[in-house]
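Q: UniProt numbering puts the first residue of the sequence shown at 1, with every later residue one more than the last.
Keep in mind the hints are simulated off the structure, nothing from the lab. Do not rely on the hints blindly, as some may be mistaken.
Claimed, not checked - Straight-line alpha carbon distances no greater than 20 Å define the calculated EDC-like cross-link-like pairs of lysine to aspartate or glutamate that follow:
hint : residue 1 : residue 2
1    : K29       : D99
2    : K29       : D19
3    : K111      : D99
4    : K29       : E96
5    : K29       : D67
6    : K108      : D90
7    : K29       : D103
8    : K29       : E113
To be verified - Quick list of the computed label-pair ranges, beta carbon to beta carbon:
hint : residue 1 : residue 2 : range
9    : L18       : S100      : 15 to 23 Å
10   : D99       : L18       : 15 to 23 Å
11   : E113      : E23       : 32 to 40 Å
12   : K111      : E60       : 29 to 37 Å
13   : K111      : A73       : 14 to 22 Å
14   : D25       : T116      : 38 to 46 Å
Glycine included, each C-beta is placed from N, C-alpha and C at the ideal position.
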Amino acid sequence: MDRAEMLAYCLAKPGAWLDRPWENDEVVKVGSRIFAFLGNGDGQPTVGLKCGATREIADEWLHRHPDDARPMAYIGRSGWNTLQLDGGIDADELTEAVDSSYDMVVAKLPKRERPTA
Numbered sequence: 001m002d003r004a005e006m007l008a009y010c011l012a013k014p015g016a017w018l019d020r021p022w023e024n025d026e027v028v029k030v031g032s033r034i035f036a037f038l039g040n041g042d043g044q045p046t047v048g049l050k051c052g053a054t055r056e057i058a059d060e061w062l063h064r065h066p067d068d069a070r071p072m073a074y075i076g077r078s079g080w081n082t083l084q085l086d087g088g089i090d091a092d093e094l095t096e097a098v099d100s101s102y103d104m105v106v107a108k109l110p111k112r113e114r115p116t117a
């Protein structure tokens, strides 16, 4: 999966929208919260996702994909991982991870910010 495909998949989620809160960084939000960080760290296309409610749960990604998953800087302790898009994680797993991140973020949104679709 490439970066453009990942961005399109994220933006297809109900209520999703693209934001550029920092220079050269793109994030996809639902309501006021980020559910995906799109990056090109070190020239490699990546996506940062909420991969578990806790760091311990998110660590399963690190065990399954040691070369293609790592805790995100600053927010990794909260269950966020950076996943390599052009590595060994197949497209189905990446889209499932996006779905899960989206669902976890939507569940924490105030009801007035939750998408209705």
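Q: Honestly, which of those hints from before does the structure not fit?
A: 5, 6, 11, 13 and 14
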